[in-house]
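Q: With the hints as your guide, set chain H onto chain B.
Residue numbers (this note's numbering), protein chains in the order written: chain B, 1 to 276; chain H, 1 to 92.
Possibly wrong hints are sitting among the right ones.
[Unchecked claim] Covered stretches of chain B (in silico footprint by chain H; criterion: 3 or more residues with CB under 8 Å from a CB of chain H, positions within the stretch not fixed):
1) 49-60
2) 137-151
3) 194-204
[What the hints assert, rightly or not] Partner residues are not named here, just some residues of chain H that face chain B (Cβ under 7 Å, in silico):
4) N8
5) N58
6) P59
Read the hints as simulated data drawn from the structure, not as lab findings. Using N, Cα and C, we set each Cβ at its ideal position, and we do this for glycine too.
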Amino acid sequence: MAELVGGFLMPHNPMLTLAPNAPSPSVIKTMDEAFGTIVNRVRELEADTVIVIGDDHYTNFGPHCFPAYLIAIGDVEGPVEPFLNIERAPIENNQALANHILQTGYAEGIDWSYAKSIAVDHSVAIPHHLAVKSIPGLKTIPVYLNSGIEPLLPNRRAYQIGESIRRAVESWSGNERVVIYGTGGISHWVGSIGMGRVNEEFDRHILGLFERGDTEGFIGLSDETVLEEGGNGCLEVKNWICAMGAFPGATVEVIAYEAVPEWITGMGFAEVKLAA
Amino acid sequence: MSVFGLENALWQASTNPKSGRRLREEGDTYLREFRVDERERELLLSWDVRALVERGVNPMVLMMANAAINGPAAAASYVEKINTPTAAPASR
Numbered sequence: 001m002a003e004l005v006g007g008f009l010m011p012h013n014p015m016l017t018l019a020p021n022a023p024s025p026s027v028i029k030t031m032d033e034a035f036g037t038i039v040n041r042v043r044e045l046e047a048d049t050v051i052v053i054g055d056d057h058y059t060n061f062g063p064h065c066f067p068a069y070l071i072a073i074g075d076v077e078g079p080v081e082p083f084l085n086i087e088r089a090p091i092e093n094n095q096a097l098a099n100h101i102l103q104t105g106y107a108e109g110i111d112w113s114y115a116k117s118i119a120v121d122h123s124v125a126i127p128h129h130l131a132v133k134s135i136p137g138l139k140t141i142p143v144y145l146n147s148g149i150e151p152l153l154p155n156r157r158a159y160q161i162g163e164s165i166r167r168a169v170e171s172w173s174g175n176e177r178v179v180i181y182g183t184g185g186i187s188h189w190v191g192s193i194g195m196g197r198v199n200e201e202f203d204r205h206i207l208g209l210f211e212r213g214d215t216e217g218f219i220g221l222s223d224e225t226v227l228e229e230g231g232n233g234c235l236e237v238k239n240w241i242c243a244m245g246a247f248p249g250a251t252v253e254v255i256a257y258e259a260v261p262e263w264i265t266g267m268g269f270a271e272v273k274l275a276a
Numbered sequence: 001m002s003v004f005g006l007e008n009a010l011w012q013a014s015t016n017p018k019s020g021r022r023l024r025e026e027g028d029t030y031l032r033e034f035r036v037d038e039r040e041r042e043l044l045l046s047w048d049v050r051a052l053v054e055r056g057v058n059p060m061v062l063m064m065a066n067a068a069i070n071g072p073a074a075a076a077s078y079v080e081k082i083n084t085p086t087a088a089p090a091s092r
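Bound-form chain B, shown alone:
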């Protein structure tokens, strides 16, 4: 039977490839080492499939349609943004498992939208570039939550989607070893008033909630508080919450954190520590 073997939280900041040398050498080293730690752990876990939870940035989706949550069940390529300095290329999906996650959701009231063909934006492409591509055979299932464009996906729903993903993986007849990446955040203001600000204190507050495994604490973060203290980009904590839904009772261990004004973002990395 398939198994969820690990989870990680990480940024998907496009500046990582758009302006890789903007921060100080020590910060760049920390970032490189953090992604390296994740890659090494995924290798150790012998994972063959990663579910990358990201969010659209008014790129793939527009006023005509915003899916509350979507899974890519077919052809995947990316990135869609040419400015990322990443060559657009096919990304290998695990279509069978993605379809099973969708069908499992349907059976229990998680009404997924789905994409039969999608060119992913940086929220999936950056994690894929920095924490998937170098691992041979690791397939990628993209999941998109509406974490950025009001009306927003509620945190509790994000968590429930993660719970459903867990049930789907555990009921899958294949023998996949699956890891989940919750991506984005932490504080950053994307085009909004305050852009350029990084709120390290709030970032550490959020990391603390996840470190303690304070499920009701992170689900209870109000969108208003997150917007005020962490900016609209910090709403991507919903992606982290979704990932945590797949690991009930889990805590996280912080791999690295840096407030990086050159990248206008608080950059947080963590590994999910599975409950005993």
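A: Showing chain H alone in chain B's frame:
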């Protein structure tokens, strides 16, 4: 006030090169095809990004369209413009 109309105009312009070219070269005519009022047209044609965000326009689509239509230099000045308070905050 039509946030939906503004966001639609911006999104079309940033994802469809033909629409982008029209916003850049014949903005007034282009914007008249959307449910955007006179004041909103003025704000968008002058790229008053602060006032537009204060009126409720999604900042991500605004920033993306600004870069697509006005180029890298405008993208660099966006941060300064978005963080400069307007004389009198616009009502929503």
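Q: All hints are to be evaluated individually against the structure, with a verdict given for each.
A: Consistency of the hints with the structure:
no.: 1; hint: 49-60; result: holds (count 3)
no.: 2; hint: 137-151; result: holds (count 3)
no.: 3; hint: 194-204; result: holds (count 3)
no.: 4; hint: N8; result: holds, 5 Å
no.: 5; hint: N58; result: holds, 6 Å
no.: 6; hint: P59; result: holds, 3 Å
Violated hints: none; the structure is consistent with every hint.
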